[in-house]
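Counting from 1, one number per residue, gives the positions in the sequence shown under the UniProt record's numbering.
Please keep in mind that the hints were generated in silico from the structure rather than gathered at the bench.
Any given hint could be a false lead.
Lysine-lysine pairs mimicking BS3-like chemistry, simulated, CA-CA at most 25 Å apart [said to hold, decoys possible]:
1. 215 x 193
2. 215 x 159
3. 193 x 155
4. 155 x 176
5. 215 x 194
Only a predicted model underlies this, so the values are computations on that prediction, with no experimental measurement involved.
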Amino acid sequence: MLVNITVFIILAPLATWLFPVYVPPNTTATVHAVLPAGACNATGVLYIDKPVTIMCANPGLSPAAFSGYIAVEYRAPPPPPAPPPTVSPLIVVATGVAAAAGLSHLASNRRELLAAPVLPIVARIKRAAADDPARREILRVVEQMGAATMSQIAKATGKSWGAVQWHIYVLEREGKLKSIRIGAFTYYFIDPKKAAEVILSSVDPSALPPEDREKLDFLAAAG
């Protein structure tokens, strides 16, 4: 779950502003605090496992404007393993035909008898997997957003974290989806150049470590 708070306040002289960050039990939160340095007690990226309070103070004698944003991502517990696929009648038939073809192969020592009966059924199974509507929806969401985290994909598709994680794993294995880790977030994308533009617009480039900036430069050049 991602919580993003945009901050724009004008503090009176000698006043403070407090923003409490709550952490559920057995959870770690990643806090991106892009706030004025020196005036606020937390800036940059924080990893917390207990509640904290981000405070900005105006020690001056005149009102002061503070602006920035605070992004808090709560780490979800590991998803349950994907349920074992049900054995469809199509796969049962494929298994039976393969066994029969294997016996024919042993009897005649001809390889074409082993492959020929199975190929049409395997092709139908592959087409069924490629046409999975959940994966088509994930690809559509990622292409529309340019780059998205797993929590953003789950929210946009209305699917559970575990289901999205499983489908993303399959899509990455098939080469239809790519990923890049920037800071504490992993972004999934299709078009590298579009992904670099989206990620750069959502983070402060000056706050990124050199290796993350190099990754984004490489991503933009790859497009």
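Hints and how they fare:
For the hint pairing residue 215 with residue 193, the CA-to-CA distance comes to about 12 Å; that is within 25 Å, so the pair holds. For the suggested pair residue 215 and residue 159, the alpha carbons sit about 30 Å apart, so the restraint of at most 25 Å is broken. Of the supplied pair hints, the one linking residue 193 and residue 155 holds, its CA atoms being roughly 24 Å apart against a limit of 25 Å. Distance restraint check for residue 155 and residue 176: the Cα-Cα separation of roughly 21 Å lies within the 25 Å cut-off, and the hinted pair is therefore satisfied.
A hinted pair counts as satisfied when its Cα atoms are at most 25 Å apart, and residue 215 with residue 194 qualifies at roughly 14 Å.
Of the numbered hints stated above, the single one contradicted by the structure is hint 2.
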